[in-house]
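Undergrad: Listed below, chain by chain, are the residues.
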Amino acid sequence: MTRTIWSRIALAVILIWTLLPIYWFLKISLLTPDEIARFPPPLYPLEPQPAAYFNIFGFDYELSNGITRRASGQANQIIRGLQNSVIVSIIVTVLTLAVVAPLAYVFARLDFAHKNKLLFAILLAVALPPVSTLIPFYSMYVQLGLNGTILGLVIVTLTITIPFVTWMLIGYFRNLPQVERLARIDGFSRMGTFVYVMLPMSRSGLAVAAVIAFLFAWNEYTYALILVNGTTANTLPTAISGFLFQHPEPQHMAAALALTILPPALVAFLLQRHIGEMNLVEPVR
Amino acid sequence: MHKAGAADLTHLMAFSPSARTNELSNFSFALILALPVLVFLLLVVAYPLGYALWMSTHEISFFGGYKAEYVGLEHFADIWDSKKFWKSVRVTASFTAQSVILAMVMGLVLALILNRPMRFAGLVRTLVILPWCVSLYGTGIMFSQLAKGQTGLGTAIAAALGGTDAVNFVNRDWVIQVLAIGNAWNMTPLVAFFLLANLKTIPTRLYDLAAIDRMSPLETFFNVTLPPLRFTLFVFTCITTVLSMKLFDFIFVLSGGGPGTTSAVLTYQIYKESFKDLDLGYGAAMSFYLLAMILGSTLLLYFIWGRREASNE
Amino acid sequence: MASIHLKNLKKTFGQHVAVADLTLDVAEGQFVVLLGPSGCGKTTTLNCIAGLEAPTSGRVLFDDTDVTGLPPHARNIAMVFQSALLYPHLNARANIEMSLRHSGMTADQVKSRVAGVVSMLRVDHLLDKRPSALSGGERQRVALAKAIVREPSVFLMDEPFSALDAALRNSLRAELVHLQKTLNVTTIFVTHDQVEAMTMGDVIVVMNNANVEQVGSPDEIYNNPQTKFVAGFIGSPPMNFFEGAFKSENDRLTFHTGDMALSVPDALRAKLDGSIEALTSVGIRPQHIRIVDAGTDGGINMEVYAVEHLGKETVIILQSEAGDAYRVLTDPGFKAAVGERVALAPDLAHAHVF
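Chains as they are written, first to last, in this note's numbering: chain A, 3 to 287; chain B, 569 to 881; chain C, 341 to 694.
One chain only, chain A, in its complex shape (with noise of 0.2 angstroms):
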């Protein structure tokens, strides 16, 4: 019997501590602007409504009491930057994966001179402040007309997703069975064996690499809120923090953040499956 009890506090603790910050925002998304006005701020939404999430994308909406609420004045950006969003994280992805897989196949598993240097060069780079190479960046991109472009921001997210996609992957390779003799008694060539058979063969560790480049480039900020903030090629978090500095309507601010929460929600069920198979610890070892 307290074996149950003691199991509900724990599986509580752990939602709690998971879920509140979650909920306290998407509660603001849903207040009126009366319910965030008042003092002291509500638990719950008295009266849920879905108004602002309609309003974020320049739509008024009507409430059942007859009350409008108007579009929010920030919905071009908003949309501007969901479209800029998936571009640039579609793209990073793609480039990500196509980069990674072969680098993080040859650290994994073939021997070579120099591989030790190179592999700590690739977790260094893990460790740059994005803040330290920002302003490198920031300078070159000023001269070469690259601030404010889409192609400058997929180039600097691809600093960060590359070594750190390539980490995982290491580790996820190591762990493969070592189907390289088997390929090369089936007649596969070097090339052919990693196109033909390794990469079908890692198909979820691939997925989940494609995930995780993809989640790095949707939440990237810190470039964005340099490079591209205030221009044609602002991103979704950048279009948000215009909520943040401007007319508080925190209610249009949280709905817009719980759309950049919507595709992290949605992959979070295959990264809790499969992330166990990637490997941050073997590389270092």
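Since the hints were derived computationally from the structure, they do not count as laboratory data. Everything numeric in this text was worked out from a predicted model, so none of it was measured. Wrong hints could be hidden among the right ones.
[To be verified] Here are the simulated DSS-like cross-link-like pairs (lysine-lysine), alpha carbons at most 30 angstroms apart as the crow flies:
#, chain 1, residue 1, chain 2, residue 2
1, C, Lys-568, C, Lys-347
2, B, Lys-768, C, Lys-469
3, B, Lys-840, B, Lys-652
4, C, Lys-675, C, Lys-652
5, C, Lys-568, C, Lys-652
6, C, Lys-350, A, Lys-117
[Stated by the list, open to error] Over 10 angstroms on every C-beta distance to chain B, these chain A residues come out as not near it, computed from the model:
#, residue
7, Pro-35
8, Pro-50
9, Gln-51
10, Phe-61
11, Ser-66
12, Asn-67
13, Ile-92
14, Ile-93
15, Asn-118
16, Ser-206
17, Leu-208
18, Ala-212
For each residue, glycine too, the CB sits at the ideal point set by N, CA and C.
With chain A's structure known, arrange chains B and C on it following the hints.
TA: Using the frame of chain A, we list chains B and C on its own:
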């Protein structure tokens, strides 16, 4: 574990064909697959880094056209003598230490709980990993809503208990703790899931053995559960340390370095010097101090902890 | 079908010598077992024959063709790996078909070839399963099918049964030998299990420390071991060794071990051929030793250490005063208690001298 690894390596070495065959050697195959990427990485990581080094020895101005004037190590010296800088170092260290400890403890707790059989395990794990999927600026917004007086949970609870004042945690005394909790909230799932993967490899027979030896739950934890986790704990302590020290957007969104400069970590200070005050050379120089701090603390962790764990493997 | 010839094969990994200098001829259709403890170089030898590893020096010939520089696929071999390695992401059928992917056969040809092999090995019902869903024995059969389907001229097997339980190993052993004799394909089989080697091989190559100790039929290896290593490695329970020296007095030859002097019978004397070294090691199989009462003339005093009942016979393990263990085969009815003092009477007529 290590022995198996060594055996695998010999199999890998078995992959090296002779020069007499028409098959590619390891090195040339590795080169073909990896060289384009390595060149790209060199361009977009090493070049900017070199460029930053160049900038740090120059006074750069944008107004009235781009100008760069060589100043040698002046920036580095100025920073060394700057009180603001050392304050930032202390703030960074304090924020990092609290974040890391909290993230590691919560990660371990979550992993231990998730490792128990339970109903809806898949759903629970899906929920638990969610914070890691949430962006850091998003986490910043969430925790500022949660901790600030006007909208915060503290105020709501205080009011429910009969209080009348706003309870604001984003103040000089508590802002670092709020930041550390939010940061730990974001990093915990990563720690928890890798510890969980490690926990799953502990043979259940070991727990039977511990039961036969009449170990208390605490003894079981220290003698059975913890030992195989130790190297992973070390690696993730390093990872969370690095992540916390290089963190910027979360702090920028949540506290903006404030109130005053109470939460002005190094990354924030670098951002301010470079992009608010547009003193790019000074900012670049300071970013090398940050890089040194990051590498220094991981090396320190390695020498006081990791080296021992690695030899215990 | 091909004969295999290894000429002065040598393989080193840095400082480590895996195979020292191996010359070996395998006739067409022969079943050859490379036997030895782990790290003796048997798997490296197999890998060199397969083309997975290039020898440091020396040559590999299939019939009269030098294949040393050929990649594995060009050698027309098939290989079964330890614990029946298969592609984990493909089902059994796709795994088998992979063997023919680079053979240039049409889809129909592949289909009929696979169908034939599948019914021969009775794996029809497993074709849609992935390796992870197969039991150890099933996986082994699929791996065999994958090897056979290529109709290779040489089969190479790297401890394929090592991960299986004893009963399954027994039945697969017979099946594999039957298959090999039916197909008459030259086969090289690597194992560290001497029972496996004795039961399966036409020829056994005993290896130790990168060198060949002896090549011969199971009978030769068992009855005429050329080195002490082979003598000790082959046979179960293993051979007993007595360290000592031969002494010739008044035309009477004796073997001195410990403080005992055993007279040497003519049968052994003929074998010795006059070449008597000062210190030697005499090996006697457990079935050529009798247990007699302690203190009997010509017996070596010992203590019973353990008794193993095998059903049709019993193994008595004795311990000498120096702490060495000796094994004696007795009739199942033999009674002995642990700790009992007895004596051991070796029949030197069956002794092997090293």
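Undergrad: Which numbered hints turn out to be false for this structure?
TA: none
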